[in-house]
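Undergrad: All chains, full assembly: derive it from the sequences and hints.
Protein chains in written order, with the numbering used here: chain Y, 1 to 350; chain A, 1001 to 1350.
Treat the hints with caution; some may be incorrect.
So, partial list: chain Y residues that the calculated Cβ filter (under 10 Å) puts toward chain A [to be verified]:
1. Arg230
2. Leu266
3. Leu277
4. Asp335
5. Arg338
6. Ala342
Note that these hints are calculated values from the structure, not bench results. Just so we're clear, the structure is a prediction, and the values are computed from it rather than from any experiment. Just so you know, even glycine gets a beta-carbon here, dropped at the ideal spot from N, CA and C.
2 protein chains.
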Amino acid sequence: MELIPESTWDNEPAPHSDVVMSCRVRLARNIAGFPFVNRASETQCNEVMRTAREVLLAMGNNDDNGDCQMMWVDLNNSTTRDRRLLVERHLISRNLDESKTRRAVAISEDETLSVMVNEEDHLRMQVLAPGLELGGALERINTVDDAVESRVDYAFSPRWGYLTACPTNVGTGVRFSVMLHLPALKITNEIERVRRAARDLHLAVRGYYGEGTESAGDFYQISNQVTLGRTEVDLLDEFEQNIIPQIIAYEQEARSILAKRSEPLLDDRTHRALAILRNARLLGLEEAMKLLSRVRLGVLMQRLDDVPLKAVNQLFLQVQPAHLQLHAGDDLNADQLREARADLVRKTMA
Amino acid sequence: MELIPESTWDNEPAPHSDVVMSCRVRLARNIAGFPFVNRASETQCNEVMRTAREVLLAMGNNDDNGDCQMMWVDLNNSTTRDRRLLVERHLISRNLDESKTRRAVAISEDETLSVMVNEEDHLRMQVLAPGLELGGALERINTVDDAVESRVDYAFSPRWGYLTACPTNVGTGVRFSVMLHLPALKITNEIERVRRAARDLHLAVRGYYGEGTESAGDFYQISNQVTLGRTEVDLLDEFEQNIIPQIIAYEQEARSILAKRSEPLLDDRTHRALAILRNARLLGLEEAMKLLSRVRLGVLMQRLDDVPLKAVNQLFLQVQPAHLQLHAGDDLNADQLREARADLVRKTMA
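TA: This is the structure:
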């Protein structure tokens, strides 16, 4: 497996990138004539793999799969480190990493398109984009979807729409997600208000690695939960034009309140965080994420002049365990990993 | 009251100064013909004050009271800030600061000799010295004691020795104390073993400000508790030649174990501490003391080349609230005090 060591796709200036790190549109699809993954035999799973591989590798540039040929990663023949790398880049889910089923992922070279095979559904296709650009991402995933559908039959009911293993995905099978960086709402203790409001709107608020994971570095992934009975455009409009801008506005308001009312506290947190990142000799993942989050807020609020935002954004990824191992070696024990993390951060932030 | 703003007496190279910050010999004396302080009337207390003032201000250079004339500070006519300054410099006890009795202190210009008047006893005379030099300090306090005794009659029993308000001081009335910096024993969790051993030897282990105070910055004040039935020289020998060198050896051993077994951990703590001191915008007293302690250990263990030990030693004093107020103004609220502390430390350590 050959991944770009420094993933760079999310560093360009993108809409609302001060709060929205990235967004994602995901489609859940199943191939007609096969049971859902949790009921399929090994032979059937293998057959799905074979079909998917043929279809996905046959896609050309005009199918909008990224710059060129898709890369096929057979996850049953890959190392734990490589699977973790894919999780850390949000190219596969934790479930797919840990699954015992025959499974794979196809990834475009620029890593903005990935198709998981034999996750909960036969195909989970996603387009990732920097900032808040769900409209463009939806357009692109639809092109990919059409290209795949021209080569296989999807499980589809004229009454219900696309059929999926979990009822929440039946219908369009679409899910919109955004990865939000909400450090100011965390500091002002308003994050719970956002969580409650999201719950009332039937949105899911998840951690840094999606379902079942905790928030880290003040990142929150917010996505729609129900698709049945609503059109994609309907969902998109509500999500991108209404809900997410409101959360962005909350966060921005919290930032300006902090700047006005708690300047010394904010400066203290920011400069301490940067100082520790620049000087620690041992650094755990959770602490690194927390400190990077504070520095990112400090940079965005013009409290730190000499720190490039791009370096901070990249470090969120590079401090993850599998990425560190890629840099520093696979056979590090826990203490050595904390040392390697501190070394990398210290050198990058110097 | 005019104190030297930067107290410098303890910064020369002194015996065992890597572990022993300072040492102190104190004599408890009472003037014959007056009840002990806790039983004396206001008139009697005033009379003790008058006598003490006359005797102490009359002492000349040949009485070994320091470089020149003693300074008399009437604590009932001094500000809270000034009394705190004296506590922070260990020139008066917390008890004397908080007492309601008519009380005073006489201090030599170099601040190495002080005589508290109407603390628990009529006179509490102390000589402070840097490092471990109790022998010299004892010699000096004895000269002062003789000078005072040549002018007043002490309460003395041929059978029991000098009479004092608390039975633990009866006899020679002498107490030896050392202020030890034991950061390595704290890190290796062996400090409790030292405490237990000290208790078994009838020694008192106290905090940074003596009786009834907590340890701060890994400083521990150790002193003998019983004087009755033992000669000064006897006590001194046991304390200075035997007990304290053992504790010093423990601490040094803990430091070399740390250097060998936990180098990354030690470097991490040291560099983080220095980084925070150099970058924090808000700094509480307890945290400042903790971080300074780590930096002091780092300097002594040659982990930091660009930090002068003298600056660190002075900061332990300068970060105390009354010293900060002396620098930054008396009318600071708690938040402003934390800001002023961070400013001072940041500039000093830059």
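Undergrad: State for each hint whether it applies.
TA: Hints versus structure:
Interface hint status for Arg230 (chain Y): violated, as the beta-carbon distance to the closest one in chain A is roughly 49 Å, over 10 Å. At about 9 Å, the closest approach between the beta carbon of Leu266 (chain Y) and any beta carbon in chain A falls short of 10 Å, and the interface hint on this residue holds. Contact between Leu277 (chain Y) and chain A, as hinted, is supported at the beta carbon level, the nearest pair being about 9 Å apart and thus within 10 Å. For Asp335 (chain Y), the interface hint holds, the least distance from its beta-carbon to any beta-carbon of chain A being 7 Å, beneath 10 Å.
Using the Cβ-Cβ criterion of 10 Å, the hint placing Arg338 (chain Y) at the interface with chain A is satisfied: the shortest such distance is roughly 8 Å. Here the hint on Ala342 (chain Y) is kept, as its CB sits about 7 Å from the closest CB of chain A, short of 10 Å.
The earlier numbered hint that this structure contradicts is number 1, and it is the only one.
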